[in-house]
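**Q** The working numbering puts the first residue of the sequence shown at -17, with every later residue one more than the last.
No wet-lab data here; the hints were simulated from the structure.
A few of these clues could be false.
[As the list claims (entries may be wrong)] Derived EDC-like pairs: lysine to aspartate or glutamate, alpha-carbon spacing no greater than 16 Å straight-line:
{"id": "1", "residue 1": "Lys22", "residue 2": "Glu81"}
{"id": "2", "residue 1": "Lys17", "residue 2": "Glu61"}
{"id": "3", "residue 1": "Lys15", "residue 2": "Glu61"}
{"id": "4", "residue 1": "Lys190", "residue 2": "Asp162"}
Computed from a prediction, not measured in an experiment: that's the story for all the values here.
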Amino acid sequence: MKKIIVYLLIPLLVLTLAIITYIKVQPLTGISKIKNGTVKAVILGESIAVSQGASDPLTTGWNSNLEKSLLNKYSNKIEWDNKASAGELVDYCLKRATEIESTTDAVFICSGRIDRNFETPEQFSNKYTRLIYDIKSRAPGADIFCVVEPPMVSTDESLFLAIRAVIINVSAATESNVLDVWSAFPEDQVTLNKLLMDGLHPNDEGYKLMSDYIYNRLVLMVDALKWKFPL
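Let the hints inform the model, and build the full structure from the sequences given.
**A** Structure, rendered in structure tokens:
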């Protein structure tokens, strides 16, 4: 009987060790400041980064919704410096990253959706990795959040799946924080379309779903502090 129990416990022990290995200690150094004061955050990316498709990006965009939610939670706000521009590739992020100040607390990267048509996953991976290390060198105290953008209603959505995998893998390799917004949206195309303005860009409801997802993950990390959770 004892031998049987031991044999049953071995797989459980292996699984536990695997989980402990995966969840690495990584204290947040930037975004956690929101518990005590203002956070300076930069946004890099393209159309979704600037909330294209929202009725009023300044009030119904994902980052404006996120700012309001965090203000209600911590009584402190995020000051956004949105360096994104619609229709741009990750190359544009590399260019604008040179403007990031050393006092930046957090950087949100929303890129990859357009790149799927112009870059191989390997090419995108190299540039995305370089982007993260450029940010780290310019703002050592900033937390970097790699946003996997929402899905779109399209027959070639499979092209983005490889880009999504790159973002998740590079985020892990560079010890950044992945925010897989893609996973928060429905897979059913009819239901998904109700959250999109034009089949690609979220509408107000879609951006609210995006901001709620990011908010929940940030609160989890800020309040936990010492653990890095797989999101």
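**Q** All the hints need checking, so say for each whether the structure fits it.
**A** Hints, one by one, checked against the model:
no.: 1; hint: Lys22 - Glu81; in the structure: holds (14 Å)
no.: 2; hint: Lys17 - Glu61; in the structure: holds (14 Å)
no.: 3; hint: Lys15 - Glu61; in the structure: holds (12 Å)
no.: 4; hint: Lys190 - Asp162; in the structure: holds (15 Å)
The structure meets every hint from the earlier list without exception.
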